[in-house]
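As a plain string of letters, each chain reads:
There are 2 protein chains.
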Amino acid sequence: MDKFKRNERLAVMTQVLTAAPNRIFTLSHFCEMFGAAKSTVSEDAAILAETMRQFKLGTVETVTGAAGGMRYRPMTQEGEGRQFMEGVCEMMRAPSRVLPGGYLYFSDILSDPALVAGMGRLFASAFYDAGVDFVLTMETKGIPVALMTAQALHVPLTIARHSSKVYEGSAVNISYVSGKGVIETMSLSRRAVREGSTALIVDDFMRGGGTARGMLSMLSEFNVKCVGTCFVMAVDNPMNPILPDCRPLMLLKEVKDGQPIQVRVADWVK
Amino acid sequence: MDKFKRNERLAVMTQVLTAAPNRIFTLSHFCEMFGAAKSTVSEDAAILAETMRQFKLGTVETVTGAAGGMRYRPMTQEGEGRQFMEGVCEMMRAPSRVLPGGYLYFSDILSDPALVAGMGRLFASAFYDAGVDFVLTMETKGIPVALMTAQALHVPLTIARHSSKVYEGSAVNISYVSGKGVIETMSLSRRAVREGSTALIVDDFMRGGGTARGMLSMLSEFNVKCVGTCFVMAVDNPMNPILPDCRPLMLLKEVKDGQPIQVRVADWVK
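Residue numbers (the numbering used here), protein chains in the order written: chain E, 1 to 270; chain G, 271 to 540.
Okay, chain E solo, but in the shape it has when bound (with noise of 0.2 angstroms):
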């Protein structure tokens, strides 16, 4: 006789995965919860996989091997992320983000929880098997979509400052050309990053590149390897920089006061 019923295990479970996106549980962890046997508690997984799977919710695996369990990926299926990102985009095109020399506001959706939530799910999406150990980001406004980027691939997350802090301890600097062609400089602790890590940028505008190349510099210090680029927004030019498997979410058109904005969700987004 199981102490708990299958509905209240199934409710716990689902709570205690998703909490922790990508984040292997052992089957021992949920037997002891429930005080219930292996077997019941398998069961119980391959009931949620097939409910998560038909509702659209995320993906319930199970790792198998001696770190193996099971773990949440909250997935998006084929259509639903670039549903989620032409919702995006819609408010994007809204007229009042005009701003003079042809920039748009758009700090009010980079720092708003469901919409970065969603994003950073799309970005870990692209990156569950890339071994990321990190996602780096350049602070400001990048900094909600790459915590919650981060929290998806279940790693840390770690921000480049303009320059050296107090209490950031020793740093290294580096310096860059910023998109308008300035030189600026970037510094990051020595103590945030792992030698010869693996890292996820993500950012939220790239225009020429600057910024990014700037971090894959500052990285390469760090004997760091780079496995992909991500941005909430990029500028839609074919001339865009190389970039390591770089990601955009939207792609948008040069901004001209009395015309309509024109961004629309990059191919990659399904």
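Hints in this document: simulated from the structure, not taken from any laboratory. It should be emphasised that the depicted structure is a prediction, and the values quoted were computed from it without experimental measurement.
Listed next, the in silico DSS-like pairs over lysine-lysine satisfying Cα-Cα at most 27 angstroms (straight line):
id, chain 1, residue 1, chain 2, residue 2
1, G, K275, E, K38
2, E, K165, G, K526
3, E, K165, G, K435
4, E, K38, G, K326
5, G, K435, E, K253
6, E, K5, G, K275
7, E, K180, G, K435
8, E, K56, G, K275
9, E, K56, G, K308
Simulated coverage check for chain E against chain G, where a stretch passes if three residues somewhere in it have a Cβ under 8 angstroms from a Cβ of chain G:
id, segment
10, 52–62
11, 156–164
For every residue, glycine included, the Cβ atom is placed at its ideal position computed from N, Cα and C.
Position chain G relative to chain E; hints supplied.
Here is chain G on its own, set in the frame of chain E:
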């Protein structure tokens, strides 16, 4: 005959409710999702509420009235928040965190998704019924924990900057005296804040309260009420400035070279 089994419905309800904390979902939302009767979904909700309570995974509540429905609040139960923060304090006590000048390195903690999510839940649980419209933070280090607090409260995040940026549109700038006694500037986009709304301030560290007072004076420019001020860490000082409903998670004694780091969990954390 229901289309889905109770255990399937419960798993899905758990995923939907916990992925959007504090957001109210109508019963009809789930009735349509499952093709089930209201009475069935009501029973599901009651089982779910009891299960979450039993496993200390948060609260599922029924909200009555026109805008009624169900919502999930990741409230921490008596003892749980304190245990979590004791763990963070233990991390803080590593002697390697001491930097020259009595500073402590804790950027790693401030950008760890699991830790900031836990801390954000603690802040949110103290202000669920305060009518918070948005969370305000000052760039840079407090952004992750502020975002997670906003997510737990189901409200947007607004980020004040050190200087006005072209892509933030017209902004209100103020000057304030920082903890170090230096005059600094703070800038907040006019579009980011609705006049007459209610804010919760979340930041990483409070020494003299200068930045917090700056944020309060910024909010008064927008005729915004502030219901509370949350800090990951504050200096443990009986002479601390008086701030609205001040909630530091950790209290730190002055750091002296060669002496153990004295940090403790604040009394309000249960």
